[in-house]
Structure formats: structure tokens, C-alpha cells
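K.L.:
Residue numbers (our numbering), protein chains in the order written: chain A, 1 to 445; chain B, 1 to 445; chain C, 1 to 445; chain D, 1 to 445.
Honestly, the hints are just simulated from the structure, not real lab data. Predicted, not measured: the structure shown is a model, and the values here were computed from it. Any given hint might turn out to be false.
[What the hints assert, rightly or not] Rough simulated footprint, nothing fancy, chain A against chain D, three-plus residues with beta-carbon under 8 Å:
hint : segment
1    : 10-17
2    : 89-101
[Said to hold, decoys possible] Quick list of the computed label-pair ranges, beta carbon to beta carbon:
hint : chain 1 : residue 1 : chain 2 : residue 2 : range
3    : D       : Glu346    : B       : Gly374    : 44 to 52 Å
4    : B       : Gly374    : D       : Glu381    : 52 to 60 Å
5    : C       : Met344    : A       : Arg404    : 34 to 42 Å
Note that the Cβ used here is the ideal one computed from N, Cα and C, for glycine as well.
Protein chains: 4
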Amino acid sequence: MTEIFSGIYGRGAVQGELSDAAFIRAMLDVEVALATALERHGLAHVEAVAEIRDACRDAGAFDAGAIGRAGASSGTPVPALLAAVRERLGEPAAATLHRGATSQDIVDSALMLVARRSLAPLLSDLANAAASCAALARAHRKTVAAGRTLLQQAPPVTFALKAATWLRGLDLARTQLEGLRADGLPVQLGGAVGTLAVLGDAGLAVASTLAEELGLAAPPLPWHTVRVAPARLACALGEALGVMAKISRDLTLLAQTEVAEAAEAAAAGRGGSSTLPHKRNPVGAVAVLACAQRGPGLVATILSAMAQEHERAAGAWQGEWGALLELLGLAGSAASSLAETLPMLEVDSARMRDNLDPLVMAESVVAALGGGTGARRLLAEAARTSASEGRPLGDLLLESADVRDRLGPDGVEKALDPARYLGVADQLVDRALAEHEGVLSPGRR
Amino acid sequence: MTEIFSGIYGRGAVQGELSDAAFIRAMLDVEVALATALERHGLAHVEAVAEIRDACRDAGAFDAGAIGRAGASSGTPVPALLAAVRERLGEPAAATLHRGATSQDIVDSALMLVARRSLAPLLSDLANAAASCAALARAHRKTVAAGRTLLQQAPPVTFALKAATWLRGLDLARTQLEGLRADGLPVQLGGAVGTLAVLGDAGLAVASTLAEELGLAAPPLPWHTVRVAPARLACALGEALGVMAKISRDLTLLAQTEVAEAAEAAAAGRGGSSTLPHKRNPVGAVAVLACAQRGPGLVATILSAMAQEHERAAGAWQGEWGALLELLGLAGSAASSLAETLPMLEVDSARMRDNLDPLVMAESVVAALGGGTGARRLLAEAARTSASEGRPLGDLLLESADVRDRLGPDGVEKALDPARYLGVADQLVDRALAEHEGVLSPGRR
Amino acid sequence: MTEIFSGIYGRGAVQGELSDAAFIRAMLDVEVALATALERHGLAHVEAVAEIRDACRDAGAFDAGAIGRAGASSGTPVPALLAAVRERLGEPAAATLHRGATSQDIVDSALMLVARRSLAPLLSDLANAAASCAALARAHRKTVAAGRTLLQQAPPVTFALKAATWLRGLDLARTQLEGLRADGLPVQLGGAVGTLAVLGDAGLAVASTLAEELGLAAPPLPWHTVRVAPARLACALGEALGVMAKISRDLTLLAQTEVAEAAEAAAAGRGGSSTLPHKRNPVGAVAVLACAQRGPGLVATILSAMAQEHERAAGAWQGEWGALLELLGLAGSAASSLAETLPMLEVDSARMRDNLDPLVMAESVVAALGGGTGARRLLAEAARTSASEGRPLGDLLLESADVRDRLGPDGVEKALDPARYLGVADQLVDRALAEHEGVLSPGRR
Amino acid sequence: MTEIFSGIYGRGAVQGELSDAAFIRAMLDVEVALATALERHGLAHVEAVAEIRDACRDAGAFDAGAIGRAGASSGTPVPALLAAVRERLGEPAAATLHRGATSQDIVDSALMLVARRSLAPLLSDLANAAASCAALARAHRKTVAAGRTLLQQAPPVTFALKAATWLRGLDLARTQLEGLRADGLPVQLGGAVGTLAVLGDAGLAVASTLAEELGLAAPPLPWHTVRVAPARLACALGEALGVMAKISRDLTLLAQTEVAEAAEAAAAGRGGSSTLPHKRNPVGAVAVLACAQRGPGLVATILSAMAQEHERAAGAWQGEWGALLELLGLAGSAASSLAETLPMLEVDSARMRDNLDPLVMAESVVAALGGGTGARRLLAEAARTSASEGRPLGDLLLESADVRDRLGPDGVEKALDPARYLGVADQLVDRALAEHEGVLSPGRR
């Protein structure tokens, strides 16, 4: 069931890194790197390594279906893959292949490799989405919009601040994932029980070279049953999905017919409805939300799989594989949808201003009157009257002698002007943009 | 990533019902059934229906990849599928196709149809697993084994009771799933917003016929955003996975080297280890546990997707699809592994008896002495001495005048005989077997 | 942390059934019922039972804190509770107390008893919420409102249909919970390992009487490690929370400032904001959503706890207790909030009509024109023009000769009238109300 | 339901930081710090601040129940708390109290403060547990034990390596939590919609001072609806629970009657069973597992709550509170149990050696023979014969001329000696201990 819903769950370049072929490629890369590391430390002949490298060159030549099904009797796809590779090897190379390793070493290292490779397009899409938010923030510093709390209008914000808040979320998620990509994806090499006994004294050196060869982190100990690395990766992906969900939830709310402050552009046929030709469905945001919906359960799966037995788990480890790859695919798909959606967002600044209920300025007038229960009570009454009788709030306020004395018509007008009641919105936008540029700078990546 | 781990997650005939082709087949079946129902109620010409049926005959002729990707712009695969079908239709049939329906009607009905079709092999595998448990229960009524609480030995049970307990769990899960298959998988037909407005007065009649045609339940109302049906299906699958996990956890514990009371038979290469040739890994049970590990998170995903907006949700519904199909696939795979594993279970009755620590009979002696704190204290002391000095518990007990008077050597021997301290184990086995036969009987299915 | 957030999570009469005192009460009730059952079957003296009943009369006399803390060394609160009861008993009654049972028997039976007692107020609140939905459905058959899909306006519905859809969800959830209350809450009695060995031949009879005494179901086998009963209860509670979340999500959306079709009434201070005096926050719906947010994770916890070891689990069982009680409390709190919120809902029928975008009637015109691609294209164009130029859709349509010929001005007006394009909305409302009355009728409860 | 299960879920000093009183204390601390910050930046009179500080001095004087219940009408406990404080204030101080803040600012900051305070005892318990693991690692470098994969015996490890692996997990979890405590718990101050409009130009300065006053991090932007901070805290707690679960799962497995390699010491009555006096239940480990069972679902709850609407969420935010506090309580309780359990662990080194199945040395002999298929086949056969006929593996191997030639009796003996086949176990232990000391060093904390 991978193709038919790929428009929702299977988008973005990340998917290519998660195919069967890509996983076989990663397992073969681990075996080749292991052979190389063995040779480096005097445990393999250079010819054997060359033979292995050659035999492992073409991932597509291996039958993923057959190798996968064989996992039913061996518990992992590794033995069947090894058998297939060994068919292409002479005896000395066959004996070198996989030397010192256990199946879990290969699967775990391959998972980390696949994660590393998947994170590249995923991070690129997140960076594009962030860049779009930054562009929106820069463009809409003067675009006043209703703040909304509990889905009720509240004092005004700028659309720039909204975009900056999205940006902040994306940049936090990116930093976390970048950090993991840099040093949170450890190679696995421990042999049958973590002691690397087959490799004698060379074990640690081989493990260290293996990490280098693969571009993975070198952990101080094997982590066969201490699953902090997959847990952290899962959590960071769950966090990224959560941030994308927040943005997309906002997009669907802004796109409501009754709000209509933002819309996904109508590319060829995009978001249309056969029965409702005028409709512009927020399909990009919906696809992100659909992916994000599935994140927390997958993170929980990987966390609950941490209770692993002894030196290799009976079930919990094996349950991790699919969950982790799925999480990578969903996060990648969501990032791709979001990166595609944000640049084509049509923001209706005029509508934002029009939608603003003047009553949200009550807080501003209370503040102008110096706060306090009296002012609060006065405003509450004026707001209620304005709502029920449809009279302007300003007129009602000026009926109060106290207001007339303290603010006067000009003061009331100022206090009721949303554009004058934006607090530090602009400075917050500056901060988010500055952070963003820092995240992007080479020194930080 | 469907093939490479299929030995763990992708086993059983259920997988064939969950392929892209199977989902396209189901969507086409819904469209054909809808056209048929329209015709039945005077809303379509018989020729148009025949044309539609013909155009929908070959699910394999449709390009799942292209249809899936098109979901990115329309939000579901339905519009692209309809376009592909319409290419094969003349105008009148093209206008009849999908009449009155919305995309969600097709996807939801297809999901229920796929669920229904998947449940057949899944239930068959569960039935086979249950039959194996029943056979074990029948065969091992006299096989005494240690009960174990908190992984500590406790008073004896029979292996029959253990198997009967497994059986009970499987039969509960099967009954639940059978019930849902019988009337818990509703057709969806509501049109754009649930009113079936396009179909005028005929809406309810068409919906009812559609349900009949597809063999799905006819719900009183459309359920576009009241997702009780998928939630119940998910819960029942989660329950089935939980029951299978309990059995498999027990199997892995019984198979431990130090316990060795049961083992998965060594079929050709099954459960072997390349580095540990003598090892017999409980790979069947491990595969079940790996699938089960992923169940609760998926159920949570589907439950959390219940908070759907208005007449069609923006994200939560779309997130359900993948999670539900995955859950079906995992439950089916687990059932297949379990059904394969249980019949080949090698039970070592002698080892069960040998493993029994005599001290677990302390409770029996306390009971023979009539309970009470005094007896309890006496036994606690004797047990401790026996454990530390290695002397038989019976000898130590007979040092007490009270024990000699009240039980005598014969009484002590009887009280220490595990085979005489099995309570109602046999009657419980009878009950589980009787229930099981009831579940199997045609009247109950 | 039970009090400070009780306005959100701790509402309703259900909370009283979930207190420490209530749990001690339930455990004592189980012990008393067990003694009674023992006596019934000749295993206890009537005086001992009377003494036990007397000693267990006042749950408040037991120190929950001390008993709870003692669970750290024994694993459950039962031994400390028994010790406290035994202090009030003479030796024969002390020996009778708890005879044949294991701690898990008491905790599990008490959990089921607490569940049963909690379900009464919970179901009552759900019934009240359902009754409010039914009243809304009856009152608003003529209230036309926009249907909304993906948060975009779609063809019209009636508010009655919306309320009927909510009603349907609540009635499904209620039926499920009622069913469990009637026969899905089993007593637990198995003794140390499920064989009831201490009770000799009388075990099954004692278990059966115990169930009767407590008003719980009598299961064919003990279910110490086959946790279908708690799993089903959790799932049914999760389903109920999901249904309530759907309703509440709709309420928050309808209450949006820009939509304003429904509002929670402003009871004394309810939903107000200190800084925004005019604001009417949908606090009832928000409280429901807050509780519902926590449901899926708790259900997942209980499902993942099903993989229990042998005859008593080491951790998974103990993890269930808190999760199950929390789920009961949250479902009860949500039901209480919803039952309080729905009757005070202020529905603004005029606003519903005003909010309706005339363009949603495009589908109706397409249908009036007989469907087909031509009509669809015509409407799409007219809708676009209407949206961009602000001209009435009807005028634009009548520019087409084809439309003039086939429908004429009258036909166009009819086709554009939302009140004439409601399909079977009214019949669906009838169905939901009929179901509802069936659920309420004594024959169904 | 807080007391009765406190022996399982409610252990450790952390619980005191999570009480109602502690939460009120934290909210009051935020209000006092806010007043202080206002005064620092010229927005409050020093007398008003003193009055506020005085009114907030005694958290116990506020009625948690009443304040909590009031949350039903206001959505948070803050307005009722403010009203109660204001009763103790004159008008100017009353106007200063809470100035510029919104309820969410107070609740979020209080949650972070409570988290910070809870992390102290939690981290202390984790540090104690880690120290115990380090001590075990140091003490058991020579203790040879069976490695176990899929619960089957595998080549040998040392118990030191097992303890070092546990240690590594704990140190990773501690480092993560320490990092969050140092700079991952941000203050919240944004006012109604995040713009701090009430505070004019001073907003950012006040927020910065508030953070300093409370010892919380100062975030660049308010995070009202970008919930990365609670998500990361939840994930780190979930990770810690996962690591503790791994250790505790191992403890329960090692404590099995049939394995008996480690036991929780029998403190007064600890782990005993009333019916099985000799039994030593691993109650400490079980309590940890019970808490850990509940972690993943809570993390999922908090992650799924990230999809928050606009400037303040309607439900998702409010759902976070209870979940986050529960997670803190469970992690703290688990850490307390583990810290109590590990130092009293009785390790039976002799039993570890005795349990070792000689056949696990097959891999070692294969390695000594230079690997390769031939050696593997030879060993597989010898192992099978040894298992079935009960003859020593060494004798069987020496029947092979090839083995005699290449290894000789001495070589075979060496190859079969577990103590000579431990690979880099000792170096891995060194690494874990070195890391541990680094984590403990002041420079790292």
C-alpha cells in the first residue's frame, strides 16, 4: 500500500532513500565498509575486500522480496543477503564478509545510514519551508491581523509575527535534526553480544573505522539494547511533524470560507473539487496534517520498544524498523508538502484588516486608561453595548466623562487603532529572522 | 519499504488484500456497485452501468503510482481514478459514474471493503492458531508446570491451562473481529455533505442497495466525521495483537535456554543463527511481538483522528487511511506467524516437571494445615531453611510436631505433590474448550 | 496534582467514584463478598463473615497513604490493607479473610467494580448530552447552514443534521459502554496462579457467587494475564472521548468570531476573559477537548500492557491501574462538561443562513442541469466570475441560453435555494432520533 | 486516585514538587517575579511589588480545590488565583498584579518552574542509579555471564559490561535532562497574543528579567502555540523511562527462578508474598516497569498536542498540563525505585558462571579455526551432537583431525573458555566509566 496514497504520505525526495533498494544499498554499504575496516586493521586481505566491494556494487541485483521473506526464518534480512552476496564470492572473501558482525550490527547501521541519507532531502525541504516563512515575515510587517485565542478574536498581531512564530518552530526542529545528523546517528558494531570477541583486540579500532567509512557517529559502546539513538531520532521527527502540524492547522483555519485570509494558490487543478468548482481546498496543509496525525503513535511505538531484553531483544527491536522508516517517510512527505505549499500562499492583507473585530481593542483602551478594575468594567460594558446595539465602541467610550477627560477623542482613536497596539511584534519578528539567519549560516550547520 | 522486512511484518494471505491493486479493485467495486444501485432506483441506464462495469473490470490496468501522486492536488486518489475510468466511457456513462457520491464515500467504502476482505485470511489464521492452542490444551492436561508470577515460580499449573488461557484470548479476539466483519463495517454514502442531495428522494434507497451490493453494513447515517467504525476496527485489531503478544511473550520466555520448556521446531534453517549453530531462536514469536509492538501506536493514531471537523475533516481523516491499512497488515502478519508457529511448538513436559521448584508447594501445605498465620510462618521458615541448606522441604516440615500430628508423612507427601494441587485447572480447560467449540460452531459465526 | 486543574480534567460525579476512599471501598467490598461466597459454599463460618463485614464497614477508617506506600514493598496495596483489616479481626476470621485469593484478584475485581460505579454517572452525563443533541435536532430541522468540508463551505445542511450526527456518535458510544457495563466487567478470582487450588473443588462455585455478589460478570476463566476486559473498557472510553472531541471541535469552530453560529451561553463569569471583556470563550468545549487529547495515549498504554508474562505480569499489569482510572476520570470529566455545555448552546440560525456562500449551490445547479462535464464546466466558470466580479451567480447563469432553455429564471432560483437542496437531511434526522429513542428504551439497556 | 497506588507510581522526592500546593507556589512565584520585573523597568511601584510579594508568600493559604474548580468557567486556574490574591491587595497593587500577562503566561511559566524543581530530585535519583551501575561495573569485571540474544544464550559477556551498558543508558538520559534543565525550560511571557502590547516598549526587557528572576531560559519569542519546549521535555522524560525500563526488564529476567543470577535484597518484608513465603519478587524493577509502561502514551499525547491553533489553542494546550505533570511524576517515581533497587541488588556470580551453556562457545571455536563455512558446519554438527547426546563439546571437536591438527587439546580448551572470549568487554566498561565520570564532573553539568 505504498503508491495509492503517495500524494498524501509519500511525497518528496526522501521517499527514494526509503525504498527496498535503498535499504539493501545501505546494508551492502555497511558490509563493504566493514570489510574495508577489517583490512585497515590487518584482519582481511585487500583482494577479498575488493571482491566484496565488487559483489556489492549493484544493490538492484538483489531480490528484495526473496531476501525480505527469508527474514521469517532468520529474524532479519541479513542472512539471506549475505548468502546472496557470498554466491558471488570465492571462499576467502566469503569468510571475510560480515566478519565479526552480527545481523543487528548490519540492520542498525543500515537504519542509521538510511536515516542520514533521508535527512538530507527532509532538511532541505524544511529549510525551504522556513525560508518561505521568513519571506512572509519580511513581507508582512505592516499587515495587521486579528490575534486569535481559543479561536476567538483577541488583540491584533501582524501576519509577520504569525509567520515568524512558524519560522521559529521550523528552525528549532531543523536545528534538532541537524544536530542528530551531525553526531546523533551512531554506527552499530558489537558482534553477537557486544564484545566484538571475534575481532580480538582490534574490535574497537574496526568499529571506529567503520563509523568513519560510513560517516556515522562512533559510539563509546554498542547500543544493541540501549535504544537512545532511535528514540532521539524518532522524537526529533515527531517534533518536526508537530511544528509542521501547527503551521498547517493555522493554514486550514485561515483558509476557511468565513475567514479567507490566506489560500493555497490554485495551480493546475490543485485543491479543486469536482462538485464544487469554485472551492479551493487547502490540500497542501491537509497532506501535512495527515502525515503529522501519524507521528505521535510512531514515536510512542519506538519509545515503548526501549524495554529491550539483555543483549538483543525478542520483538521490540524488530518492531522498531518499520516504525522508524515510516516516521522518516511521513516527516519527509510532510516537509515536502509544506515546502511546496508555503511559497504559493496567497495572503489577503485587506481581508485580515477587515476581519478585525473592533472590540478586540478593548484591552488597548484599558491599558490606555491605566488598567485597573474600573477601566476593565467600563470597557466590558461598552463592548457589550457595542455588540448588542451595533454602535461603534469609540462613541460609546466617549460618553464616559472619565474617558473624555483622560483620553479625549484623539486618545480614544489612537487606543482603538490596531496598528498602534502591536507591542513588540516587530522586534520579535527581527529576532526570529536573526535566529533563522544564524541557523542557516555555515558555522551552525 | 514493503519487501525487505516482509518476513517480519508482511506475512500471510492478508497482504494480498492490502496491495495497491487491491485498493484500486475496491474503489472500482464501489463505483460499479453505486452505478448498479443507481440503475436499480431509476437513476441510471442499464447500458451505462454495463459500460461502467466493463471499464472497471481490470484493476491492474490502472496506474496506481500516477493515481496516487494525483492525490497531492486533489486530496484523495479518487478524482484521478475517475478520470482514468472516464477515458473508457462514453458521455452518458461518464455522467453516471460516481453520481451522487463524494470522494470520501469511495475511499471510506473501499477501506471497509478492503478491511472485510483482509479479515477473512486474518480470521482464518487466528482460527488456526486457536485450534493449535486447543490441541495443546487437550494434549497437556497432565503436564504439570510451574506457575509463574512476576517471573518467579509460583504454585503449579498444567500446560493445558496455559494453552487454554491463550485459547480464551484468541477466541475473544476472534469473536470481536467476526462481529465487526458481520455488521461493523458500514458502507459510506452521503455525497458532498452527507445529505445525498444530488440523488433527490432516492438517496437512502441507493445507499441501502449499495451496502447490499458490497456486502457491507448499511448505517443509519453517513459517518464522514463520526469515525466510530474505523475506531472499533482499530481497537479490535489492537486487541487481537495484544492477545497474540501475550502468547508470544510466553513462548519466548518458555524457550529461554534456562527454562527450555518449549521451542519452535527447527524447520529448514528456521531460527538458526550463523554464529551460534545450535541456537533455536523463537523467530515466529519474535515476529508476532514485532508486529504487536506497533499496534497500540496505530490504534492511538486512529482514535486521535476522531476529532474531525464539520462535514469532512482537514487532515485527520486522511491520516486514518495509512494507519488502518497498516494495522490490518500487521495483525494479519502476526496471525500468520502465530498460526505457523504454534503447531510446530515442541513442548518438553519432562523439563516442565523438572523445573518445578518444590518450594512452590508451600502454599499447598499451608492450605493442608488449614491456613492461618501460624501455618504461614512455619512454612516460610521451612522454605527459607530448605533454600539455604538444600534440604528437602518435606523433611523439614516433618520436624514440626504439629505437622506430624496433623498431616503425617503421607499427608506431607500429598501436600507436596504438584499434581494434586492443581485446583480447578482441568475444569477451566474444559470451559475454554467448550467456548472454543461454540465460537467455531456455525450458529455463532 | 488532582485539584488545581479539576475544572478541566476533574469534573462530574464520576470523580467521587475514583477517589482513594472509593478504591479502598471497592477492595473491601471484594473481600466481604469473597468471605460471603466462601461461607455460601461451606468454606467459612457465618460468624467470621459477619466479623469481616463489620471490620470492612468504614472505608474511611483506612489510611490510604500508608496502604499505598506499602505497595512499594509488596507490589500492590492489598497486603497492607489486609493487615489493617486483620488488626480488627480475631484469628478465625483473620484466616478466612482473603482465603483463596491473590492480591491481583482483589485489585482487578476492585478496578472492575470502580469502573462499574464510575460508568453510572458517566453514562448519565452522556445520556444528557445526547438528549441535548436530540433536542437541537428536533428544534433545527429548518435551520439551513453551510456544510463544510476541509473547512471550506460546501452544499448546505441543516443544523438538525449536524446535531443528529453528533447524536449518532454519542448513542454509539453509549451503547458500547452500556454493553460493557452489563456484561463486560468480569470479576477476577483465580488465586495465586489461576487454579484456585486453595479452594479445592469449590473454586468455581465461589468465583461464581463472588461475581453475583458484586454485580460483575462471571468469566469462564481467570484473566490475570489475558487483558481483554480492560482493553475493551479502555477502547470504549477512548471511543467516547473521540466522539465528544468531534462534537467539541465543531463547537469551537462554530463559535469562531468570524463564524459565530453557536456560542456557549455566558453563565456567571463563564468563558469570559479578564483582558477581553466581550469575549465568550468556548470553555466547555475546550475542557472536553483537553480531556479527549489525553485519551488515545492512555488507550495505547493499556493495549501495550497486554503482553503480560505467564500467570502474573511483572510491570505491565501494574502499569494498567493508573492508566485505566485516569481514562475513566477523563471520560467522566469530558462527559460532564459536554452535558453542561450543550443545553446552554446558543444557536444563531440567522447567522447560519447569512454565512452561506451562494456559490455552494453550484452543485445543485449542475444536478438540475442533469450533471455531466458540460454543466460542471459552465458552473465552474460562472462561480469563478461571480467570485471575482461580485455578481450574483443566478444572473450569470441566465446568460447561458442553455440554462435559460432548460431551467428558466424560476428553475435557476429553485436550484439556488439552499432550503430546496437538503436531500435526505430530514430523514437522516428521523433515523438518528429513532435510534436514540431505541437506545433509551428499557428493552435496549 | 493519588495515594492508593503511590507505592508504584508516586515515589520519590519529586512528588512533593508536583502537588497542588507546589503548583500554586509556582504560579505565585511567577506573579511575584513578574511584578518585580515590572518594577525593574519602571512599570510598577516598589510598594505594590512588596505588597504582592507579601500576599503571595503562603501558597498553602490558597484553596486549591476552589481555584481548580473555577477553571471550569475560565479555562485555567489563573483568574481565580488572581482574584484570591487581589483580595489581599489594595487597588494600586491589584492593578499591578499580573500586568501585561495572560493566563497562559502564568500556567506555562509555572509548568516550566515545576519541571525545573522536579528535575532536581529526579536527576539526583538517576545519578544515584547510575552510580550503582558504575559500582556494579567496577565490581564485576571478572564475572563471566551468558550473553543472551532473543532470550537464548549466546557468547559470554561480563556482568560488568551489562552494568556498563545500563550505565551508558542512564548517563545519556541524564545528560539530556540536565541539558534541558540548564537551558531548555523557557519562561513564557507574551500577553494576550504574544505581542506584549500592554507593556509598550518594555515588553522584551520585562520578559528577560522575568526569566532571570525565575531561573528559566529566556526564549527569543513567546511559544504559546509552538510547543517545542514541552515536547522536548516530554521526549527526554520518555527516553529516561525507556532506559530505566531496559534495566528493569533485565533485572526481572535475571531474577527469574530458573536464572537466579540477581535478586532484589529482602529488606523488611520487601518483595515477599503472603502465600509464597520464600518468594523474592523483584518489586523495585516491577514498579519501574509499571511507570515506564505509561511513558510512551503520555509523550504521544504531548506531541499530538503540538497542532495548536493561532495564538492560543482550544483544547490541545489545556490537555498538555496533566500529561506533562504525570510524566514528571512517573519518571521521578521510576528513578526513585531504581535508585533504591540497584544498590541492594544481590548478584550471584557463581550462578552466572554455572548457567553458561558450554555450547555458546561454538562461535569462539569457529573463530579459532579461522571462520569460514567449513568450520561453521563442523561446529554446528558438534553442538547438535553435544546437545542430544550430552557429551562435552570439546571431546566431540577433538574427534576431528582438522581440529586436532589446528588447535590441539590446549587450543580447544582455550577456545572453549568463556573468560578468554570476552573481546573488548573490559575496554567498553572503561569507556562507560570514563563517560560517567565526565558526566558527573562539574564542567559538564
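K.L.:
Each hint: holds or not?
P.N.:
Tested hints:
Beta-carbon proximity to chain A at under 8 Å applies to 0 residues in the segment 10-17 of chain D; the threshold of 3 is not reached and the given coverage is violated. For the segment 89-101 of chain D, the proposed coverage by chain A is satisfied: 4 residues have a C-beta within less than 8 Å of a C-beta in that chain, meeting the threshold of three. Checked against the hint of 44 to 52 Å, the C-beta distance between Glu346 (chain D) and Gly374 (chain B) comes to roughly 30 Å, which is inconsistent with it. One distance hint, 52 to 60 Å for the beta-carbon pair Gly374 (chain B) and Glu381 (chain D), holds here, with the actual separation near 59 Å.
At roughly 38 Å, the beta carbons of Met344 (chain C) and Arg404 (chain A) sit within the given window of 34 to 42 Å.
Checked against the numbered hints given earlier, this structure breaks hints 1 and 3; the rest are met.
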